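S.K.: Kindly generate the complete structure, drawing on both the sequences and the hints.
Chains as they are written, first to last, in the numbering used here: chain A, 20 to 299; chain B, 6 to 421.
No false leads were mixed into what you were given.
Here are a few chain A residues that face chain B, going by a calculated C-beta distance under 8 Å:
1. Tyr-61
2. Val-115
3. Asn-129
4. Gly-168
5. Trp-227
6. Val-278
FYI, nobody ran anything at the bench for these hints, they're computed from the structure.
Note that the structure is predicted; figures quoted are calculated from it, not measured.
Glycine residues also receive a C-beta, built at the ideal position from the N, C-alpha and C atoms.
Listed below, chain by chain, are the residues.
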Amino acid sequence: MSNRNKKISILMHTVLAILSVLWLIPVFWLVLSSFRKEKGAYTSTLWPKAFTFDNYVKLFTDTRLFNFPKWFCNTLFVAVCSCIITTILTLMVAYVYSRLRFKSRKALMNISLVLGMFPGFMSMIAIYHFMKSIGLDQTLLALILVYSGGAALNYYIAKGFFDTIPISLDEAARLDGASRHVIFWKIILPNSKPIVVNTAINAFIAPWVDFIFVSVIMKDNYDKYTVAKGLFTMVDKANIFEYYTSFCAAAVLVSIPIVLLFIKLQKYYVSGVTAGASKG
Amino acid sequence: MIFLTFIYIIVEALLATFFFKFGFKYLSHFHTLGENAQGKQWNEALQIYERTTGDNSMLILLFSVFAIAACILFIWILVLLIRNIKQILKLEKEGKHIPTFKEILLELLDSKFHITLLAAPMTTLVLFTVLPIVFMILIAFTNFDANHQPPGELFTWTGLTNVIDIFLGNSTKTHTFFGILGWTFVWAILATFTNYIFGMLLAMMINHKLVKCKKLWRTLFMISVAIPQFVSLLLISRALEPAGAINLALMKIGLINAPLPFLTNPTLARVCVVVINMWIGIPYTMMTFTGVLLNIPEDLYESAQIDGATAFQRFTNITLPYMIFVTAPATITTFVTNINNFNVIYLLTGGGPFGLDYYQAGKTDLLVTWLYKLTVDKHDYALASTIGIFIFMIASTLSIAVYNRTGSVKKEDMFQ
Chain A
20 MSNRNKKISI LMHTVLAILS VLWLIPVFWL VLSSFRKEKG AYTSTLWPKA FTFDNYVKLF
80 TDTRLFNFPK WFCNTLFVAV CSCIITTILT LMVAYVYSRL RFKSRKALMN ISLVLGMFPG
140 FMSMIAIYHF MKSIGLDQTL LALILVYSGG AALNYYIAKG FFDTIPISLD EAARLDGASR
200 HVIFWKIILP NSKPIVVNTA INAFIAPWVD FIFVSVIMKD NYDKYTVAKG LFTMVDKANI
260 FEYYTSFCAA AVLVSIPIVL LFIKLQKYYV SGVTAGASKG
Chain B
6 MIFLTFIYII VEALLATFFF KFGFKYLSHF HTLGENAQGK QWNEALQIYE RTTGDNSMLI
66 LLFSVFAIAA CILFIWILVL LIRNIKQILK LEKEGKHIPT FKEILLELLD SKFHITLLAA
126 PMTTLVLFTV LPIVFMILIA FTNFDANHQP PGELFTWTGL TNVIDIFLGN STKTHTFFGI
186 LGWTFVWAIL ATFTNYIFGM LLAMMINHKL VKCKKLWRTL FMISVAIPQF VSLLLISRAL
246 EPAGAINLAL MKIGLINAPL PFLTNPTLAR VCVVVINMWI GIPYTMMTFT GVLLNIPEDL
306 YESAQIDGAT AFQRFTNITL PYMIFVTAPA TITTFVTNIN NFNVIYLLTG GGPFGLDYYQ
366 AGKTDLLVTW LYKLTVDKHD YALASTIGIF IFMIASTLSI AVYNRTGSVK KEDMFQ
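M.R.: Printed below as a string of structure tokens:
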């Protein structure tokens with residue numbers, strides 16, 4: 020390695036180190052606050068005076084006002100269900116637009132695209148009253164329906180991916196007498212692992228981070244909250260002093276599965292993102 | 006096919022029942038949205054005021070939309086039904102084989118497979134997206150606001166009043182609208198391009214041949230993505246407050262004497278949201294560009310090397326054009342997403358700092374957060390819907406134009 024290259028290398032590693040520290044400080048701050056003994060959102064010292072596990076313990080023992088274990092189970096249930104439904108629906112729609120040719124295809128694609136541009140929460144009062152009229156308000160089923168109802172709109176990344184699978188595979192199968200139904204299940208899906216995983220991750224994460232639809236559908240029924248809305252309630256003006264450190268602890272607990280999921284499935288995630296990027 | 010005819014007839018009957026039993030009583034009030042407000046009546050026998058149930062404008066509007074949808078469905082199936090019967094008669098006359106129900110089902114798995122696959126997604130789409138949107142569009146032409154909340158008070162059609170109020174009036178609403186519109190565009194441009202440029206630089210730095218442990222660096226930056234946005238944004242927003250950690254740290258080091266007004270000074274607050282948005286967005290763009298960089302065909306570089314191109318020339322003539330070309334559609338999508346970037350603004354500043362010159366909005370509010378506040382906090386649905394339609398028009402025009410122009414749509418069969 021020449022002298023100049025060495026200098027460049029050191030410089031780049033330093034810059035990267037500084038940047039990654041900048042990116043990790045809030046994460047570190049979150050973990051630190053979750054072990055802090057002192058209550059409240061603001062402290063006079065940066066480093067906590069004393070550490071404790073109580074914030075974590077309290078989440079599972081003190082469930083009178085905020086029932087974190089219940090929220091966690093609610094979210095897990097909603098996330099698993101809507102993940103399965105959304106993935107299936109999205110892939111079906113993407114396959115149709117990518118492989119099948121029919122009269123209204125182009126129009127449907129454009130309409131779907133445009134509908135996705137509407138700010139989601141504009142329709143929420145309508146959805147709330149619709150749910151209420153069919154007796155589904157304040158139920159987890161309503162949340163699942165809301166999260167997976169728009170699945171037909173998020174087809175384009177998966178469609179971009181399907182477009183890259185050679186059509187000669189389909190043709191060979193058709194010559195062997197396979198119907199389109201068989202082609203979808205036996206040829207397209209097995210070849211699309213990255214995009215299946217990518218769609219599933221996105222659908223799985225959505226219920227963990229959405230707090231808007233939950234507040235509309237569940238109103239003040241604390242027991243039916245998901246973690247995102249629950250955590251949000253923990254830091255509103257009335258509760259922030261008492262619950263701020265518990266909020267941090269809960270946030271850490273919610274983040275751990277997502278971090279693990281990300282690291283484990285990073286490979287698929289990247290290929291999913293680039294399939295979308297390179298194909299629009 | 007005869008069996009299919011029966012199915013059609015049963016569906017028609019069900020739709021008709023729904024319409025007359027349920028939809029019609031709402032649809033009949035559609036033109037006024039209800040005449041009798043909820044009132045109080047003196048009950049002589051019990052010596053109390055009793056509530057009389059009046060009309061509910063919102064339910065009338067909502068279920069009228071459903072009733073109209075049922076009508077359209079009814080007509081559509083009627084057309085299918087007639088077409089079906091005609092075909093049966095024609096086939097019979099020609100003495101040809103009439104497809105059995107089983108054959109029709111098999112057809113749905115092959116040549117008409119798109120109908121099978123699209124049936125479920127389209128039904129949920131219509132119920133949970135299309136009809137609610139139609140409802141909200143209609144709301145824009147009413148006076149549904151905090152003073153007209155059913156069932157206590159009724160609201161009614163007011164035509165284009167809201168549109169005129171926002172776009173042509175001299176009121177604070179017009180001032181607020183154009184102020185926020187300007188900032189929304191400035192924000193979307195800044196947010197998109199800061200992320201684009203710095204995300205690209207970061208990806209190139211990590212991919213540089215002299216950098217070791219590429220995977221480790223990528224993972225370090227991706228960890229922040231895994232924390233739910235509302236958590237990290239709420240934390241940062243607390244840290245930026247006068248008593249928060251950042252001011253505390255700066256004062257401890259001795260850089261400043263008094264807390265900086267990060268979130269209360271309009272300019273500083275705007276700078277803050279853009280900078281924090283970089284923290285949120287750069288890991289994503291970094292990952293996208295990493296994928297793109299790895300996909301640049303190697304032979305392009307080899308032939309450039311043979312032609313004696315310098316590293317800088319290789320970058321400006323190969324890497325940069327390739328990346329810009331490939332990510333163009335994604336960039337436009339990001340731009341549209343940023344116009345509607347609710348989380349960053351709402352969780353960080355809540356739209357503030359607030360001034361008296363804006364109607365229910367602050368200096369960092371985007372159209373979409375203003376809309377949210379109008380709906381959720383102020384129940385000013387009519388105004389919110391009008392703004393929503395406007396946002397929708399900008400976003401959809403942009404995206405339709407771009408999607409139909411990009412190579413990926415024109416040459417969608419390229420790889421096939």
